[in-house]
Amino acid sequence: MPAVADTSAVVAEQTAAPPPRRRGRSRRKSPTRTAKPAVLLFLSPLILGIAIFKLYPIAAGVYYSMTDFHVGSYQPVHFVGLDNYRHVLSSSSDAWTAGRNTLWLLIFLVPAQTLWAMFVAWLVLRIRRGQALFRTIFFLPAMVPLVASALAFVVLLNPAGPLNHALSWVGITGPGWFGDPSWAKPSLVIVAVWGCGKIMILFLAGMLNVPRTLYEAAEIDGASAWRQFWHITLPSISPVTFFAVITGMIATFQYFTEAYVISASSNNNSGADRLIGYPQNSTLFATSEIYKQGFVFFKTGYASAIAVLVFLAVFACTIVFIWGTRRSYGYGGESQ
Amino acid sequence: MTTATRRRPLIRTSSLSEKMKRRLTFVAEHAVAIAVALAFLYPLLIIVTTSLMSQQQASAGDFLPDRLVWHNYIDVFHDMAFGRDLWNTVLYAVLSSIGVLISSTPVAYALSHMQWRGRTALFIVVLAMMMVPDQITSLPLYILYTNFGWIGTLKPLIVPSFFFDAYCIFLLRQFFMTIPHEVTEAARIDGASHFQTLTRVTLPMVKPALAAVGLFQFLYAWNDFYNPLLYTGNNPHGQTLAVAISQLGSNGHIASYQLEMAAALMFLAPVVVIFLFAQKVFVEGINLTGVKG
Amino acid sequence: MYQLSKLKGMNRMARRGARRLLPVTAALALVLPAAAACTSTGSNSSQNVDNVNTSGSHAPVTLEMWTFSHKQNQLDADQAALAKLHAKYPWLTVHLTGSKSDSDFAKAATAGNPPDIMFSPSTQYLETFAHDGTIADLTHLIAGGPVDVSKTVLAPAMAALTMDGKQWALPLTGDAYMLYYNKKLFAAAGITAPPKTLSELRADAEKLTVRDSGGNITQFGFVPNVDYDNNVSIYAGVYSGTHFYDGSGVPTVATDSNWGKLLDWDKSLIDYYGSGAINKFVAQYNPHSEDAGNPFGKGAVAMEFNGEWHTAQLKNFTPDVDYGIAPMPVLDGQTTSSYGVADIEMSPVYVAAKSKHIAEAFLATEFLTTDTTVVDDMSTAFGAVPSTTDAIKNWQLASDPHFASMIQAFQNPGSYGHPVDLSAGADVNAWQAFIGQYESGKASAKNLPDIATKMKNIVAQATN
Numbered sequence: 000m001p002a003v004a005d006t007s008a009v010v011a012e013q014t015a016a017p018p019p020r021r022r023g024r025s026r027r028k029s030p031t032r033t034a035k036p037a038v039l040l041f042l043s044p045l046i047l048g049i050a051i052f053k054l055y056p057i058a059a060g061v062y063y064s065m066t067d068f069h070v071g072s073y074q075p076v077h078f079v080g081l082d083n084y085r086h087v088l089s090s091s092s093d094a095w096t097a098g099r100n101t102l103w104l105l106i107f108l109v110p111a112q113t114l115w116a117m118f119v120a121w122l123v124l125r126i127r128r129g130q131a132l133f134r135t136i137f138f139l140p141a142m143v144p145l146v147a148s149a150l151a152f153v154v155l156l157n158p159a160g161p162l163n164h165a166l167s168w169v170g171i172t173g174p175g176w177f178g179d180p181s182w183a184k185p186s187l188v189i190v191a192v193w194g195c196g197k198i199m200i201l202f203l204a205g206m207l208n209v210p211r212t213l214y215e216a217a218e219i220d221g222a223s224a225w226r227q228f229w230h231i232t233l234p235s236i237s238p239v240t241f242f243a244v245i246t247g248m249i250a251t252f253q254y255f256t257e258a259y260v261i262s263a264s265s266n267n268n269s270g271a272d273r274l275i276g277y278p279q280n281s282t283l284f285a286t287s288e289i290y291k292q293g294f295v296f297f298k299t300g301y302a303s304a305i306a307v308l309v310f311l312a313v314f315a316c317t318i319v320f321i322w323g324t325r326r327s328y329g330y331g332g333e334s335q
Numbered sequence: 000m001t002t003a004t005r006r007r008p009l010i011r012t013s014s015l016s017e018k019m020k021r022r023l024t025f026v027a028e029h030a031v032a033i034a035v036a037l038a039f040l041y042p043l044l045i046i047v048t049t050s051l052m053s054q055q056q057a058s059a060g061d062f063l064p065d066r067l068v069w070h071n072y073i074d075v076f077h078d079m080a081f082g083r084d085l086w087n088t089v090l091y092a093v094l095s096s097i098g099v100l101i102s103s104t105p106v107a108y109a110l111s112h113m114q115w116r117g118r119t120a121l122f123i124v125v126l127a128m129m130m131v132p133d134q135i136t137s138l139p140l141y142i143l144y145t146n147f148g149w150i151g152t153l154k155p156l157i158v159p160s161f162f163f164d165a166y167c168i169f170l171l172r173q174f175f176m177t178i179p180h181e182v183t184e185a186a187r188i189d190g191a192s193h194f195q196t197l198t199r200v201t202l203p204m205v206k207p208a209l210a211a212v213g214l215f216q217f218l219y220a221w222n223d224f225y226n227p228l229l230y231t232g233n234n235p236h237g238q239t240l241a242v243a244i245s246q247l248g249s250n251g252h253i254a255s256y257q258l259e260m261a262a263a264l265m266f267l268a269p270v271v272v273i274f275l276f277a278q279k280v281f282v283e284g285i286n287l288t289g290v291k292g
Numbered sequence: 000m001y002q003l004s005k006l007k008g009m010n011r012m013a014r015r016g017a018r019r020l021l022p023v024t025a026a027l028a029l030v031l032p033a034a035a036a037c038t039s040t041g042s043n044s045s046q047n048v049d050n051v052n053t054s055g056s057h058a059p060v061t062l063e064m065w066t067f068s069h070k071q072n073q074l075d076a077d078q079a080a081l082a083k084l085h086a087k088y089p090w091l092t093v094h095l096t097g098s099k100s101d102s103d104f105a106k107a108a109t110a111g112n113p114p115d116i117m118f119s120p121s122t123q124y125l126e127t128f129a130h131d132g133t134i135a136d137l138t139h140l141i142a143g144g145p146v147d148v149s150k151t152v153l154a155p156a157m158a159a160l161t162m163d164g165k166q167w168a169l170p171l172t173g174d175a176y177m178l179y180y181n182k183k184l185f186a187a188a189g190i191t192a193p194p195k196t197l198s199e200l201r202a203d204a205e206k207l208t209v210r211d212s213g214g215n216i217t218q219f220g221f222v223p224n225v226d227y228d229n230n231v232s233i234y235a236g237v238y239s240g241t242h243f244y245d246g247s248g249v250p251t252v253a254t255d256s257n258w259g260k261l262l263d264w265d266k267s268l269i270d271y272y273g274s275g276a277i278n279k280f281v282a283q284y285n286p287h288s289e290d291a292g293n294p295f296g297k298g299a300v301a302m303e304f305n306g307e308w309h310t311a312q313l314k315n316f317t318p319d320v321d322y323g324i325a326p327m328p329v330l331d332g333q334t335t336s337s338y339g340v341a342d343i344e345m346s347p348v349y350v351a352a353k354s355k356h357i358a359e360a361f362l363a364t365e366f367l368t369t370d371t372t373v374v375d376d377m378s379t380a381f382g383a384v385p386s387t388t389d390a391i392k393n394w395q396l397a398s399d400p401h402f403a404s405m406i407q408a409f410q411n412p413g414s415y416g417h418p419v420d421l422s423a424g425a426d427v428n429a430w431q432a433f434i435g436q437y438e439s440g441k442a443s444a445k446n447l448p449d450i451a452t453k454m455k456n457i458v459a460q461a462t463n
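Protein chains in written order, with numbering that gives the first Met the number 0: chain D, 0 to 335; chain U, 0 to 292; chain W, 0 to 463.
It is possible that part of the hints are untrue.
To be verified - Part of the chain D face toward chain U, derived, beta carbon under 10 Å: (1) T113; (2) M142; (3) H164; (4) A224.
Unchecked claim - Straight-line C-alpha distance at most 16 Å; calculated EDC-like pairs for lysine to aspartate or glutamate: (5) U/K18 to D/D67; (6) W/K355 to W/D49; (7) D/K197 to U/D74.
Honestly, the hints are just simulated from the structure, not real lab data.
Remember, predicted model here, so these are calculated numbers, not experimental data.
Backbone N, C-alpha and C fix where the C-beta goes; we use that ideal spot for every residue, glycine too.
Model the full assembly from the supplied sequences, consistent with the hints where possible.
As structure tokens, then:
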């Protein structure tokens, strides 16, 4: 019912029809327009909040990105136009490495997380007895603070640690995990996949929405579990998949904590700030680079330029993704 | 459900191989589920076992402690100001939860039960704000807070929650949308102001929602690393547990895995306990961010 | 499909909605950055500060001091020094906080409440701090201070902290990077003297390698990886007789062939061990380089490149190791001229430019860095080298055989450290990342001009 009312309200607003015309649609009550002052009062924290904590920083960031401002410096500030952007995009900056690493995450981490969450939700769905227990176990890691998870995996994936010990029993020499530049990012994917509980819950909810009878009919016709999944479950949860991928993408652009904490614990001698991206900048992501330039080297203008570019990238990626999947956005798909 | 006609019966008696196949699938699925469950639990187990090991064993990466070193939990308090950091974390979590509830409720109400032009547009703006990464807004905000003299305190963490939190607004709005318009309209027709409608009529109906939103914010603040790192990281008096524990293994501290794990366990225990008791709330909250109307 | 059109329609409305917020934002955006930038006062005002009159009575002053020290014995030495200061000037109290990095200091300066005194681990940020006006220029105060610094403090130590003719900090302790070698393992391998050249080092490393029955390496001779422990200082120039920048600030990594020879030596030793075994060693031991799990102390590696503070750690955690300290071997062909040098890094003490008690802070700083007993005790606790001539003469560890070559290296005129420039170490970071790729075969000598350009650009960008 609320959805219907909402849609009608939207249509009404789009046509901006004067009241008399609306009365023609007699099947639902016409909602009275709320007085502006009341609306504004209720929305005041939002408006102030967005202005101060979102729009101002974005605007200020764009401004800073065109100056040579160094926070903490007592030197006068100069306007330098697009110089910072030129430096960021030049070959002597680490921005390209950071961009490549972030792209790597988008390509590997988001699908890995989504597919694994889907798989685990499917498992929970199929287990009839003890479903609640399994669901709890699979969701639990998502509740663990990221710092704690990161440190736990530092211990687990220590090259001289338990996992490599166990692997050596079966004759495999374990890799360097977080210490090896080629294994550092895959190891981070393992950590992320371990904590995908929230997405799993979403998939589970979507799967539970599918009527049991469909599965029973397929079972009778002799469809295997796999075929049931592929032909029944997957299409029905496509809106959830869409949502999971979008939120995964957005979260990937904000990926920071695990990389920072794990690289910080790799060398006892250097401070955490010096180790960002260890080993060999393989874990240097866009956010890490912004943090490094802005808060370790205090090059505010330069870091702001990177931040603006990342913002544009997030925007572009989301638009491209929404546009690209507009046709497959199918069954049951109202998102608000 | 069989019919008497000569049509193909709806339920076929399964052949032996089909029964076998179904049984195998059953076993396979359960085996996989158990294996996956064990894999999920193992890192948590590592935290527990390592926290009870001696320094030598922890560095050597052994599986089980030879003897239980309960003293590690006391040593943590020597290595870091756990009590003070815990207090800061609790302060941040509790106050920001209160803050988001106060600031998000009227907004969510306005976005769902008030009719005005541009309502859906503003909702989309709120959603778009969720997309803006923290790192982009944090540099200018850092400078702003410096001018206010807030760096090193918990204020930059708590004050914004009293204004605007996109995720909580989104969540609450979804909850509010499940309340039929008739209810609020009835109250309005009876002469109640919007404020009265909100507080006397709608709020009591969404109590579980408020609990969910408060819990989500509590969890987010408890686990938050980036913001405390930025705004309080330089001041030991304002540090939260997340930042302090991450520094246990670096910055020249002896890499004592056993102390790190003990601290990590004490850090994650409260939220896990809350989760175990309030599972339904979490699950329902997550579902509402999903693809319902 | 419907969703998309709805979105499109909503975009128009969203823009209209956002427009309401724009004037507010624009105003804020214009006002606040200007306000932020306006906290500058331009030039450094310490030139106008007079020295404290040490005689006569004073109102009590409490100062805030930060130090990078984090080990308990170092903090104890710091506190003892401050107690001595308080005994000499009872009106002056200094409150100490440990485990603070240069970054913390800079952030506090930004926030407007820096400590009055900062004991920093290195000179990495010296130029940046001086350029930004974060630290006070001490030249004027030194001239009027109670101690004749030019006679007391070692000249190279002072020179490392001078820029543009101004003295920006006083040196407290110095680090010298040397070769640590395990005497017992040397004897077992039949090596009589520590190596003097890099090829001798390589040969000795091979002799000192022990493998078990399965072919795994249980004892390494020497691990040269740039990411391991402090090894980056091997590649900072003094051991290859090279400087990062020539007189006009142009990087020499591509033009001076000695750099290439140094990297080749590195790669060939890593290839000898096999990158798999070496990476496992590095990943396993890097987090434990300063504690009981240190591989040198445990005999997992026979030779190690480390700073002098490592002696204190070894004494603390693994006192049974029978080891010697010698100068780090140098690139072949340079034995006569440069063997005996060391990469030296000073640990300076800064006075914050925005401190409210600059004169008192300077008094405390000068005391800490020149009082013989204080410098000696701090150096002993840190296992570092004292920075004044009297302190070295009086030093209880001067007769310790471990420190003999260190003291000589410290006073060797050919010793120098990392370049100090406005990039605050970003250039050396880039060099380190490049060497990492060289070691894993992802870069080779033909990429040297690229890294040279990158380093030049990094410094140029920082200097803008």
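Structure-based check of all given hints:
Taking 10 Å as the C-beta contact cut-off toward chain U, the hint placing D/T113 at the interface is violated, the least distance being around 14 Å. Taking 10 Å as the C-beta cut-off, the interface hint given for D/M142 holds, the closest approach to chain U being about 4 Å. Look at D/H164: its Cβ gets to within about 6 Å of chain U, closer than 10 Å, so that hint holds up. At a threshold of 10 Å, the smallest CB-CB gap from D/A224 to chain U is about 5 Å, leaving the interface hint in force.
Of the supplied pair hints, the one linking U/K18 and D/D67 is violated, its CA atoms being roughly 74 Å apart against a limit of 16 Å. The suggested pairing of W/K355 with W/D49 holds, with an alpha-carbon distance near 13 Å, which does not exceed 16 Å. A distance of roughly 34 Å separates the Cα atoms of D/K197 and U/D74; the hinted pair therefore is violated under the 16 Å criterion.
Figure legend: structure checked against the earlier numbered hints; hints not met, in rising order: 1, 5 and 7.
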